[in-house]
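Number of protein chains: 2
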Amino acid sequence: MAKIKVGVNGYGTIGKRVATAVSKQDDMEVIGITKTRPTFEAKTAAAAGLPIYVPAESIPAFEKAGIAVAGTVDDMIAAADVIVDCTPGNVGPEYKEKYQKAGKKAIFQGGEEHGLTGVSFNSTANYKDSWGMQFSRVVSCNTTGLLRTLSLLDKAYKIQNAYVTIVRRAADPGDSKTGPVNGLEPSVSLPTHHGVDVKSVLPWIDITTMAIKASTTLMHIQAVVVKLGKEVSTDEVLDLFAKAPRVRLVSSKDGIKSTNQVMELARELGRDRSDMYEICIWSDGVKVVGDTLYYYQAVHQEADVIPENVDCIRSMCKLMEGPESVAKTNKALGIDH
Amino acid sequence: MAKIKVGVNGYGTIGKRVATAVSKQDDMEVIGITKTRPTFEAKTAAAAGLPIYVPAESIPAFEKAGIAVAGTVDDMIAAADVIVDCTPGNVGPEYKEKYQKAGKKAIFQGGEEHGLTGVSFNSTANYKDSWGMQFSRVVSCNTTGLLRTLSLLDKAYKIQNAYVTIVRRAADPGDSKTGPVNGLEPSVSLPTHHGVDVKSVLPWIDITTMAIKASTTLMHIQAVVVKLGKEVSTDEVLDLFAKAPRVRLVSSKDGIKSTNQVMELARELGRDRSDMYEICIWSDGVKVVGDTLYYYQAVHQEADVIPENVDCIRSMCKLMEGPESVAKTNKALGIDH
Numbered sequence: 036m037a038k039i040k041v042g043v044n045g046y047g048t049i050g051k052r053v054a055t056a057v058s059k060q061d062d063m064e065v066i067g068i069t070k071t072r073p074t075f076e077a078k079t080a081a082a083a084g085l086p087i088y089v090p091a092e093s094i095p096a097f098e099k100a101g102i103a104v105a106g107t108v109d110d111m112i113a114a115a116d117v118i119v120d121c122t123p124g125n126v127g128p129e130y131k132e133k134y135q136k137a138g139k140k141a142i143f144q145g146g147e148e149h150g151l152t153g154v155s156f157n158s159t160a161n162y163k164d165s166w167g168m169q170f171s172r173v174v175s176c177n178t179t180g181l182l183r184t185l186s187l188l189d190k191a192y193k194i195q196n197a198y199v200t201i202v203r204r205a206a207d208p209g210d211s212k213t214g215p216v217n218g219l220e221p222s223v224s225l226p227t228h229h230g231v232d233v234k235s236v237l238p239w240i241d242i243t244t245m246a247i248k249a250s251t252t253l254m255h256i257q258a259v260v261v262k263l264g265k266e267v268s269t270d271e272v273l274d275l276f277a278k279a280p281r282v283r284l285v286s287s288k289d290g291i292k293s294t295n296q297v298m299e300l301a302r303e304l305g306r307d308r309s310d311m312y313e314i315c316i317w318s319d320g321v322k323v324v325g326d327t328l329y330y331y332q333a334v335h336q337e338a339d340v341i342p343e344n345v346d347c348i349r350s351m352c353k354l355m356e357g358p359e360s361v362a363k364t365n366k367a368l369g370i371d372h
Numbered sequence: 036m037a038k039i040k041v042g043v044n045g046y047g048t049i050g051k052r053v054a055t056a057v058s059k060q061d062d063m064e065v066i067g068i069t070k071t072r073p074t075f076e077a078k079t080a081a082a083a084g085l086p087i088y089v090p091a092e093s094i095p096a097f098e099k100a101g102i103a104v105a106g107t108v109d110d111m112i113a114a115a116d117v118i119v120d121c122t123p124g125n126v127g128p129e130y131k132e133k134y135q136k137a138g139k140k141a142i143f144q145g146g147e148e149h150g151l152t153g154v155s156f157n158s159t160a161n162y163k164d165s166w167g168m169q170f171s172r173v174v175s176c177n178t179t180g181l182l183r184t185l186s187l188l189d190k191a192y193k194i195q196n197a198y199v200t201i202v203r204r205a206a207d208p209g210d211s212k213t214g215p216v217n218g219l220e221p222s223v224s225l226p227t228h229h230g231v232d233v234k235s236v237l238p239w240i241d242i243t244t245m246a247i248k249a250s251t252t253l254m255h256i257q258a259v260v261v262k263l264g265k266e267v268s269t270d271e272v273l274d275l276f277a278k279a280p281r282v283r284l285v286s287s288k289d290g291i292k293s294t295n296q297v298m299e300l301a302r303e304l305g306r307d308r309s310d311m312y313e314i315c316i317w318s319d320g321v322k323v324v325g326d327t328l329y330y331y332q333a334v335h336q337e338a339d340v341i342p343e344n345v346d347c348i349r350s351m352c353k354l355m356e357g358p359e360s361v362a363k364t365n366k367a368l369g370i371d372h
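Chains as they are written, first to last, in the working numbering: chain E, 36 to 372; chain S, 36 to 372.
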């Protein structure tokens, strides 16, 4: 069978990772990426052999920088079967029109509204909802993190309600524009969008979220309080998490006490860009009291949505069932158990 | 009436602030502070005219540094009516024996166990519980913050249960030994001690706490979820907070979006050491949904317990009623509404 031709529109934090992940699959290939300026990332993409498409007006700048241009953004859209749109948030509606006109499938990211596509995606929670669809949307990093564990808990024990406080990273490691550098910033618009976004995939979950931005670049942490419909032991929950795809138990007893140590583990694992695709749960920080479960999980904001984008392509192209796709993506990316 | 003679044992983060606050009251005076090494803080204390008492073995070091010594720690204990013990956590039991032998009253800080004194103190929640007692304990900064608002809410609306996630500062501004510098560290021992400590003052409150350390030196933030026994409006709760002693409403609309901006406000207010004694609640981050109230509050970890120590002295010495003491302390420290 011919490989699915994937175009990656936008080569920032998410786009560059999607390109790497897609290029590691045997049933799809990256036919191009887009870039508007000839930055260092355009150069590393060129060095990696990725065809670079640019807006017509950017061609002179790329030629001046000595970076070969494969064509315009429209050319890439025309050549692709599926576009993974990794452009900055809220420009999606404009591009959606282009994809629609060209009759192409497209995946948007969590920076866009659920309403743009009407369907949102998470590999474990609702793989089948994007089956054969022209458009879908992979939810944001925090929402992906929540869905990975809440969908499991809901299936096993029926969630009565959930309260989550998210401590968000202030900036990505490569950023230097945002803050706070020494402070904490609450998201005062309550409840925050994260819970609403969980409901875009699992509408029946009663969840409320609060969020605080902290002075760190390495991962978010989510403090989760879940009331379950069944009394279970802490060990049963740990067992559920241990077997879950893209969930990794870490322990302060192993020397992983903080998010920077989780990221240090990812570097030791030899991952591309030292990424941690899995949601990491502190096994010694999981506790059930009565019918209420408490746990902490860490989300690598740059990486956890990457395998979901690969799976979403397969669902939209009706290539295989969810569990099969998850296993295939995991194998290609070196996510094991 | 003679002023109460107060000795401050330990002149670190809390001790130096207690000394300043006590010296501003007209019904008590600082008869001395203790210091073990002739650091810059010993020099600023000497410059402020505070008599410095030291362990016998430290006298030569202070003489060498040219800092006058008023006597030994035992001398200070003998000269005081009340000792405010601000020594590092867990050396309290040793000192308690000394105070007991000398027949002196003493206040310990939140680093000690509740069991050391059997009574813990918060000005608004339980002023009367320390009335005439020989020993009491002012709870920690986070617990003080929680008690200030939870005691109010419980009185007004009867709290059914509370979940609090505390984002803790990694170090105080003057520290350079602790971290993380770029990371988040969950307190995996669940539930954390903060909720337990709230119950040492208000035993009937059903509260569970989680905590995450963040890379900042400026304040803790507490994300609070409280189920109330009564349906109330967001405005009613805001009104309650607006009238509460030592609670200050701040707003992101006024340019106070983060803890560093709260601390910048304290600097503008001309406070001693630029301290924020009040618990600061984001008025635009307070929200009631059904019977559940959500809010964020910021706690200046170095400062919020300082007025409580002053009030605790008055309660233990039976000088006046709680509301009267709170008002008097507030006036002396420049805490207005």
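Each hint should be verified, as a subset may be incorrect.
Note: identical chains are not told apart, hence a pair may lie in one copy or across any two.
What the hints assert, rightly or not - Taking lysine to any residue pairs in the SDA-like style, the calculated list, with each CA pair at most 25 Å apart, reads:
1. K322 <-> S224
2. K322 <-> V260
3. K278 <-> S224
4. K212 <-> S287
5. K59 <-> V126
6. K366 <-> S211
7. K133 <-> V323
8. K163 <-> P226
Read the hints as simulated data drawn from the structure, not as lab findings.
Structure-based check of each hint:
For the identical chains of this complex, K322 and S224 are inter-copy neighbours only, at 9 Å across copies versus 29 Å inside a copy, given an alpha-carbon limit of 25 Å. Both within a single protomer and between protomers do K322 and V260 lie at most 25 Å apart by alpha-carbon distance, with minima of 10 Å and 19 Å respectively. Taking the shortest alpha-carbon separations for K278 and S224, only the inter-copy value of 23 Å comes in at or below 25 Å, while the best intra-copy value is 36 Å. With identical chains, the CA atoms of K212 and S287 are at most 25 Å apart between copies only, with a shortest distance of 20 Å across copies and 32 Å within one.
In the homo-oligomer, the alpha carbons of K59 and V126 never lie at most 25 Å apart, since the shortest distance is 28 Å inside one protomer and 59 Å across protomers. When the C-alpha separation of K366 and S211 is checked against a cutoff of 25 Å, the pair qualifies neither within a copy, at 34 Å, nor between copies, at 43 Å. In this assembly of identical chains, K133 and V323 lie within 25 Å of each other by CA distance neither inside one copy nor across copies; the values are 50 Å within and 43 Å between. In this homomeric assembly, K163 and P226 never come within 25 Å of each other (Cα to Cα): the closest approach is 29 Å inside a single copy and 38 Å across copies.
Going down the numbered hints, you'll see the structure goes against 5, 6, 7 and 8, while the others check out.
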